[in-house]
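Engineer: Sequence:
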Amino acid sequence: MHRWRWRYPGILAILTLLAPAPAALAAKAEPIKLGAPLATAFLYGWDAERGIRLAVEEINAAGGVKVGKEKRPMTVDVIDTRDLEPGVPVDDAIKAVEKLILQKKVDFLVGGPVRSEAALAVMDLLSQYKKVSIITTGVLSPAYSKTIADNYDKYKYCFRDSSHSGVLIKDMVTLFDKIKAEHGLQKIFVMVQDVAHARKAGELVEKALKEKGYQVVGNEIYPTGTTDFATGLLKAKNADADVLFVWMDMPETAILLKQWKDFRLKILPVGFMGAAEQPGFWNVSKGAAQYVLVNVVNGGNAPAKITPWTEKFAKAYEKRWKLEPEGYGTSSSYMAVYLLKDAIERAGTLDSDAVVQALETVDLMGVYGRMRFDPKNHQVIAATDPKEGAIGCVFQWQDGKRVVVWPDAGATGTIKLPDWWMK
Numbered sequence: 002m003h004r005w006r007w008r009y010p011g012i013l014a015i016l017t018l019l020a021p022a023p024a025a026l027a028a029k030a031e032p033i034k035l036g037a038p039l040a041t042a043f044l045y046g047w048d049a050e051r052g053i054r055l056a057v058e059e060i061n062a063a064g065g066v067k068v069g070k071e072k073r074p075m076t077v078d079v080i081d082t083r084d085l086e087p088g089v090p091v092d093d094a095i096k097a098v099e100k101l102i103l104q105k106k107v108d109f110l111v112g113g114p115v116r117s118e119a120a121l122a123v124m125d126l127l128s129q130y131k132k133v134s135i136i137t138t139g140v141l142s143p144a145y146s147k148t149i150a151d152n153y154d155k156y157k158y159c160f161r162d163s164s165h166s167g168v169l170i171k172d173m174v175t176l177f178d179k180i181k182a183e184h185g186l187q188k189i190f191v192m193v194q195d196v197a198h199a200r201k202a203g204e205l206v207e208k209a210l211k212e213k214g215y216q217v218v219g220n221e222i223y224p225t226g227t228t229d230f231a232t233g234l235l236k237a238k239n240a241d242a243d244v245l246f247v248w249m250d251m252p253e254t255a256i257l258l259k260q261w262k263d264f265r266l267k268i269l270p271v272g273f274m275g276a277a278e279q280p281g282f283w284n285v286s287k288g289a290a291q292y293v294l295v296n297v298v299n300g301g302n303a304p305a306k307i308t309p310w311t312e313k314f315a316k317a318y319e320k321r322w323k324l325e326p327e328g329y330g331t332s333s334s335y336m337a338v339y340l341l342k343d344a345i346e347r348a349g350t351l352d353s354d355a356v357v358q359a360l361e362t363v364d365l366m367g368v369y370g371r372m373r374f375d376p377k378n379h380q381v382i383a384a385t386d387p388k389e390g391a392i393g394c395v396f397q398w399q400d401g402k403r404v405v406v407w408p409d410a411g412a413t414g415t416i417k418l419p420d421w422w423m424k
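Taking this note's numbering, the leading residue of the sequence shown gets 2, the next gets one more, and so forth.
The hints are simulated quantities; they were obtained by calculation from the structure and are not laboratory data. We put the beta carbon where it would ideally sit given N, CA and C, even for glycine. A hint or two may mislead.
What the hints assert, rightly or not - With a Cα cut of at most 27 Å, we get these calculated DSS-like pairs of lysine-lysine:
id	residue 1	residue 2
1	Lys96	Lys132
2	Lys316	Lys306
3	Lys238	Lys262
4	Lys236	Lys179
5	Lys417	Lys267
6	Lys267	Lys213
7	Lys306	Lys388
8	Lys106	Lys132
9	Lys236	Lys267
10	Lys316	Lys402
11	Lys155	Lys100
12	Lys181	Lys262
13	Lys34	Lys131
As the list claims (entries may be wrong) - Computed beta-carbon distance windows for the label pairs:
id	residue 1	residue 2	range
14	Gly414	Asp154	46 to 54 Å
15	Val285	Glu99	30 to 38 Å
16	Ala62	Gly185	48 to 56 Å
17	Ser128	Trp421	53 to 61 Å
18	Val174	Lys402	43 to 51 Å
19	Pro143	Pro90	21 to 29 Å
20	Asp154	Lys201	25 to 33 Å
21	Trp421	Glu99	51 to 59 Å
22	Asp92	Asn284	32 to 40 Å
23	Glu71	Pro376	26 to 34 Å
24	Lys29	Asn152	35 to 43 Å
25	Lys155	Trp421	54 to 62 Å
26	Asp241	Asp400	25 to 33 Å
27	Lys201	Leu418	28 to 36 Å
Full structure from sequences and hints, please.
Structural biologist: Set out below in structure tokens:
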């Protein structure tokens with residue numbers, strides 16, 4: 002046998018070329034169908050879709066998902082829930098998810114709905130059809146995981162691999178401690194959007210900061226679509242604030258930051274600003290983003306150094322979509338597909354109850370740290386150490402780049418103050 006191989010090496014090479022590759026074998030098998038209900042016209046929808054598609058493409062290129070003894074490819078159907086559009090009823094999101102289940106015959110759901118009210122409304126549908134779902138973007142309400150914990154048997158098919166406002170508020174207070182320790186800033190002025198989640202977050206952050214001895218010197222609430230923030234900024238200046246805490250997802254935050262820069266205020270903007278998350282915001286704002294600190298919820302939503310997978314993901318995303326990971330919803334949507342792959346392979350089946358049990362015991366070092374779910378409420382376990390759990394991400398715009406400054410485990414730089422403060 003060995004002599005045959007030595008005398009006829011060309012035949013072996015030909016047979017190797019003719020043999021179907023693992024990916025080709027998987028492609029012949031029945032696909033595992035993912036459904037992605039997303040608000041596709043918004044950042045938290047389109048970046049989630051890109052993260053999901055990237056993961057599916059990588060998994061298929063590597064041969065697919067092993068289900069028992071068979072390798073199967075993945076497919077993804079994306080449907081627009083429109084749930085972030087003003088005036089769109091929650092029923093539209095329910096109908097979109099129902100279409101994925103009944104018409105598209107999807108096996109699992111990843112992504113949204115994105116709006117908390119819509120995601121909560123869809124939970125009964127997931128229970129009815131026993132469809133495992135991993136929420137990855139939006140849905141900052143702690144009520145989602147609480148609903149699961151309060152009625153586990155009914156809602157056990159629901160998971161969330163992203164953070165929620167309760168964790169984010171604690172993260173922000175920790176960030177304020179870092180800013181205070183490094184730069185002595187401790188007088189906070191709060192600006193929030195006039196929507197339920199932002200108003201509530203502003204109240205909770207203000208309460209938490211006061212309990213820790215910070216001075217909260219004022220607050221302003223702005224209707225969605227506001228185009229002039231000058232009065233509030235001047236109030237903050239007159240109150241001698243040195244940090245501006247912002248919680249807004251409307252694109253008009255670009256105007257807020259432009260006015261802040263034009264006034265050359267000695268107040269550091271910090272918080273949740275949807276428009277400021279994206280790689281292209283520097284050019285859109287014409288540099289007004291300089292020094293702004295932005296929370297993008299999960300690590301990996303801006304290039305960071307968390308785990309070996311973090312940098313690999315950033316490079317793959319940029320190669321595929323021609324820009325860096327875009328903001329909240331990117332890394333978590335990507336990881337949800339890999340979490341499902343891991344659970345399906347360990348379960349050896351697509352059976353929903355078996356996959357639920359496998360997800361409850363998942364322990365995977367991913368893009369933004371150690372990925373595990375609380376088995377009681379199916380919320381991803383958060384931490385500031387990636388060896389212990391999923392970590393967050395705050396970056397600062399510095400000279401056109403998004404430089405991660407918190408937590409220390411994923412940082413690529415340090416917090417800087419505006420240059421005009423030194424003059």
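Engineer: When you check the alpha-carbon spacing of Lys181 and Lys262, does it fall within 27 Å?
Structural biologist: This hinted pair holds, its Cα atoms lying about 22 Å apart.
Engineer: Using the C-beta atoms of Val285 and Glu99, is the stated range 30 to 38 Å upheld?
Structural biologist: 37 Å, holds
Engineer: Lying within 46 to 54 Å: is that true of the beta-carbon distance Gly414 to Asp154?
Structural biologist: 47 Å, holds
Engineer: Next pair to validate is Lys34 with Lys131; report whether the Cα-Cα distance is within 27 Å.
Structural biologist: With Cα atoms ~15 Å apart, Lys34 and Lys131 stay inside 27 Å; holds.
Engineer: Taking 53 to 61 Å as the stated bounds, is the beta-carbon spacing between Ser128 and Trp421 within them?
Structural biologist: 55 Å, holds
Engineer: Regarding the pair Lys96 and Lys132, is the alpha-carbon distance no greater than 27 Å?
Structural biologist: 15 Å, holds
Engineer: Are Asp92 and Asn284 spaced within 32 to 40 Å by their CB atoms?
Structural biologist: 39 Å, holds
Engineer: Is Lys316 close enough to Lys402, meaning Cα to Cα at most 27 Å?
Structural biologist: Roughly 16 Å between the alpha carbons, so the hint for Lys316 and Lys402 holds.
Engineer: Would you check the hint for Lys236 and Lys179, treating anything up to 27 Å between C-alpha atoms as holding?
Structural biologist: It holds: about 25 Å lies between the C-alpha atoms, which stays within 27 Å.
Engineer: Quick one, are Lys316 and Lys306 close enough, alpha carbons at most 27 Å?
Structural biologist: With a Cα-Cα distance of about 12 Å, the restraint between Lys316 and Lys306 holds, given a limit of 27 Å.
Engineer: Measuring from beta carbon to beta carbon, are Ala62 and Gly185 in 48 to 56 Å?
Structural biologist: Roughly 51 Å apart at Cβ, these two residues keep to the hinted range, so it holds.
Engineer: Confirm or reject the claim that Glu71 and Pro376 have a C-beta distance inside 26 to 34 Å.
Structural biologist: 29 Å, holds
Hint violations for this structure: number 18 only, all remaining hints satisfied.
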